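Since the structure of chain A is provided, determine the placement of chain B on it from the hints.
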Amino acid sequence: MDLGVKISGTAHAILIGIAIFGAPIFSADEENPIQISEVSLISLQEFELLTKENTPIFQTEPEPELQEPEPEPELQEPEPEPEVQEIISDSETDPVAPITDQDNLGELTPEFNENAAPKAAEIISDISNEAPEEPADMNSIQDTSFENVSGADEDKSEIEVTENTPAEETTTQIVTEAEEQESDLVPSRTSKPKNRPKNLKIVKEIKTKPKLKPKEVVEAKKDATAESILESLKEKNEPEPFLDLTPAQKESVGNIIRNKMRLCWNPPVGVENGLTNVMILGLKFDIDGKLVESPVNLTPDSGVGSLQAFEAARRAVIRCSPYNELDPEIYEGWKELNLKFNPKNMGR
Amino acid sequence: MRYFIKLIIIGLVFMMSKVSILIAETKPLMIEITQGVIKPMPIALSQFTAIGDTTPQYVDQITSVIMADLVGSGLFREIPKSAHVSANTNFNAPVKFADWRVINADALITGSVNIQGDKLILQFRLFDVFAQKALGEGLQFQASIGNWRRMAHKISDAVYSRLTGEAAYFDSRVVYISEQGPKNARKKRLTIMDYDGANSRFLTDDNDIVLAPRFSPNNEEIVYTSYETGVPKVYLMNVDTLNKRLLDDQPGMTFAPRFSPDGRNVVMSLTDRGNTDIYSVVLATGRKSRLTTGPSIDTAPSYSPDGKKIVFESDRGGRQQIYIMSSVGGDATRISFGKGSYGTPVWSPRGDMIAFTKINQGRFHIGVMRTDGSNERLLTASFLDEGPTWSPNGRVIMFFRESAGTNGVPEIFSVDVTGRNLKRVKTIQNGSDPAWSGLLK
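Going down the list, the protein sequences come from chains A and B.
For what it's worth, the numbering used here labels the leading residue of the first sequence as 1, then goes sequentially.
For what it's worth, the numbering used here labels the leading residue of the second sequence as 1001, then goes sequentially.
Hint data in this document are derived by calculation from the structure and do not stem from the laboratory.
What you are looking at is a predicted structure, and each value in this text was computed from that prediction instead of being measured.
Any given hint could turn out to be false.
[To be verified] Derived BS3-like pairs: lysine-lysine, alpha-carbon spacing no greater than 27 Å straight-line:
id, chain 1, residue 1, chain 2, residue 2
1, A, Lys335, B, Lys1027
2, A, Lys260, B, Lys1039
3, B, Lys1027, A, Lys284
4, A, Lys335, B, Lys1133
5, B, Lys1096, A, Lys284
6, A, Lys340, B, Lys1096
7, B, Lys1339, A, Lys335
8, B, Lys1027, A, Lys260
9, A, Lys340, A, Lys290
10, B, Lys1187, A, Lys290
For reference, chain B alone in the conformation it holds in the complex:
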């Protein structure tokens, strides 16, 4: 009997254990976090180690370019050197993470500058301070000294890509129109510069009006409109040799050119006997194809990144709006339906968005929308904002803003695709019509 009772008790204990298991949680508590802060990531750039013939001045200039790139993106904030607790005196020395954590640096860049004759060797590493880990392998760049600024941009590109997960845009160039003089007699010149305004160089003199330059996909050529012959005509120019040629010598005005993504064609507007339509020109043969027909003004064409479609502006509906058609022409679909007029559409390099100029109630805006016209967002507002161009990674939009009044002048600005980080781009003269290159090789 006693044995029987014992068995019952054991059975009860067993059942109780199961009950307790059912009552207790089997997974950790899940907590949803939906609120944080939005602010630039604080990063520290440790003084780069100088090796060989390197002078401190050289180190300072290189690190200044790197930090200007990163901070200028609006995504990062520099922790000034005056706040640094320690410095890396040797590039290979392990990082004292506690020294960088105490100043609240999320990421740390270390590096070295080594000059050997006319060769410059740059090394860098990137660290996650709080995780106490290197973010990927370090990189070494080697080139002639003259390329120091590009090498610094390449370091910025590598850091940016690793910290954001996106392609970068710092090692790139911009071609634009330099403008000088009063509005009624303005001198215009084609000008090329680094994306940050450095290394500016005129490509044409100021004898003829030039407009709307656009880079080829390999960044070696540009197409632009010039009044050299008295009427607007599209020209093709090599940016290194400055050799140029007229793209189409047939009667009529040609303007608003843009390369196809494969660089084989140029799409542009042609006005003949008062009617403006969009044409495609094969660069190798000069063969011209008409893509739009009708009495309306069709202009400002821009290819999709896959080259299959073209977005353009047209007043065929009675007002200037944005349309999309096949790259071989045919029916077009209107995608802009908001209040006001839309123009100068440009397809994003990512392919997901279209930047445009919007005019509504006397004000100009730069905006973006999806390729089906949805999710329209206005990024800027002013007396005159116009001519958006995308950064190589599709994250930043450059455009020009002209101030009001007889003394108003155009200047180039950039804004993040989210609408943040609006800033003026430094140029040698007043500037308009910027066109961003792809990332340089």
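Same shape as in the complex, but just chain A:
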């Protein structure tokens, strides 16, 4: 056989070999010390089965209905055991580290080799695993007094337990240390919500029908033919239009919602786009002011932080429910509401 053919054949064989078994040859050598994998969620039914029959079932949990008590789980046939994810073993061969005290935990950095450098560094073993002290509260840090800083550090404040009391950090605006000195820490206005507005009058007039009612129309209703036409018109107009609220009614509904949101809405203003993400949520209520379904995101655009902004608005709406302050007599006007959450002025 010609030498060229041999060389060519050998080269092609090597190429084919690389194509088939190339992964181990060209895979990255770098080994991450921490292996990461996903963990699935299981439903209540699956968990019941899991605990009863000890059969692991991993499926995604269906979305639970809002505020509804969880139904009694129905027994289902156990599904076949899923393939258990094999996690590649860590390559480290260190002996089992006893977990007896804090000093045995958490040596992330490699052992120091004194011969590695002309001037040896030492490992600070006595503090290596200590968690840092709880940070000093911002208010206790005095810019010109170092002693006060240290003192504040020692005097750790208790974390409040009572959830009904607003957190100390609660504010409606962001004030930096530099600004604090200028403003002398005097807030320009209270964050406490105002009382129920005086103009929150319940207007009894309910315009469920058009004002114009000629006698002919009333008479026509008696006519079977006309009634059938009315019925057909009604069907064609589905979904039913909303009640046209008067300006006073709109203001009343708006004030009720705004007053509640003032306490319940905690937008993520500290994160990227936190002050610019405007979210619109669609809400549906029953006549008692309870949400009949989870708020819907109607925001046309989505960007960085928009998911978190939506979730914060959704939490606010759910947290503040029910909205039983809304007048049931004008229910047709607020059975569905769109709420536009605009935080742009909250950071000031």
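Showing chain B alone in chain A's frame:
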């Protein structure tokens, strides 16, 4: 005739219906909400399930690190365990959302700790309590036991990212200068620690003064200034092996080094015959390029994240101000125009902002501005605040604050880029010149 009247009536009814449709609203009422509260999000961390050889002490330490990370960010508030109504005894058990809603938890973290020999397996899930939904899939981390603290930080990172929509910063490290002794004879050592002050380790002894360490983009090396030879010189050190080398052995003082984003170059100041300019050094070849010229002092260079520009400080206008130029040198544009002097500019990892030190009317500030100099905001004010460094996600700034007087000492602080959550960072000794690494792999 009667039939004709009927037709007219029907026509009228039809028209009335149309009128009524026009009168009624066709869309739900829109209400604009502009007021709420700004407070940390209340989160609950359910006691993690202990599996295998796991001891309760281990579970407590891991969960403590997670909660310290999240609460320390200033964006979250822990609902203490004493307030919990229920506990998850099984990691796979469905969450009783009502029990967590009643204590007003916005988010819930559940998890398990499983020790098998020298292996540690951590699992966690995150839930939106009010929406009664899992926020994404849960995650499992597996590594040797020695990495427990990093694994806890990684859980914090995952939770933080999901709840804020931003990259996180907890699994990261900080290199800084440990300082001990009186001001006129202070001992300085390069020191590395986790971002939260744990796992501190000295990298140098205290024989020589060291200054201004900076991490390489892969977090494996640092550049810093040392007086080892009697004059300030820039050195390159591997943080694991501690092997080091002089970056430039030509005459003159070199200082204020910083890596380029691709890690191939180091930009630094070089003082030769009384003139300080900015130079770029190719690490592979040692080739040096001069980026600024002129009699002024040009120093503290910092690359933009894309490596195309450099921000630096210069007194070329008669006073210390911040300028931006191309990374290959050339004309520079001044961006700081406020009252006082500006220095130590550092480009944000996001690329949108520049942190700086400002000196005005005898007070020092850490501040941020856009890259065109607009929207300047001062975040701190004190006797001496200096040396800002960005967290890997560009959300937090670490700096050092020195107290006044002969007994004044430097300490490391951090502050949110919004100016909130100012706090001291725990260090083994007094510390200055912090430099934050990128997120660890």
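Hint by hint, here is what the structure shows:
Among the hinted pairs, A/Lys335 with B/Lys1027 is consistent with the structure: their alpha-carbon atoms are about 11 Å apart, no more than 27 Å. Distance hint between A/Lys260 and B/Lys1039 is fulfilled; the C-alpha atoms sit about 16 Å from each other, no more than 27 Å. A threshold of 27 Å between alpha carbons decides the hint, and for B/Lys1027 with A/Lys284 the separation of about 13 Å falls inside it, so the pair holds. Restraint check for A/Lys335 and B/Lys1133: the C-alpha separation of about 25 Å stays at or below 27 Å, so the hint holds.
For the hint pairing B/Lys1096 with A/Lys284, the CA-to-CA distance comes to about 25 Å; that is within 27 Å, so the pair holds. A hinted pair counts as satisfied when its Cα atoms are at most 27 Å apart, and A/Lys340 with B/Lys1096 does not qualify at roughly 31 Å. A C-alpha spacing of about 56 Å is found between B/Lys1339 and A/Lys335, which places the hinted pair above 27 Å, so the restraint is violated. Annotation: proposed proximity of B/Lys1027 to A/Lys260 holds, straight-line Cα distance about 22 Å (limit 27 Å).
Between A/Lys340 and A/Lys290 the alpha-carbon distance is near 19 Å, which keeps this suggested pair within the 27 Å criterion. Using a Cα cut-off of 27 Å, the hinted pair B/Lys1187 and A/Lys290 is violated, with the two alpha carbons roughly 66 Å apart.
When each numbered hint is compared with the structure, violations occur for hints 6, 7 and 10.
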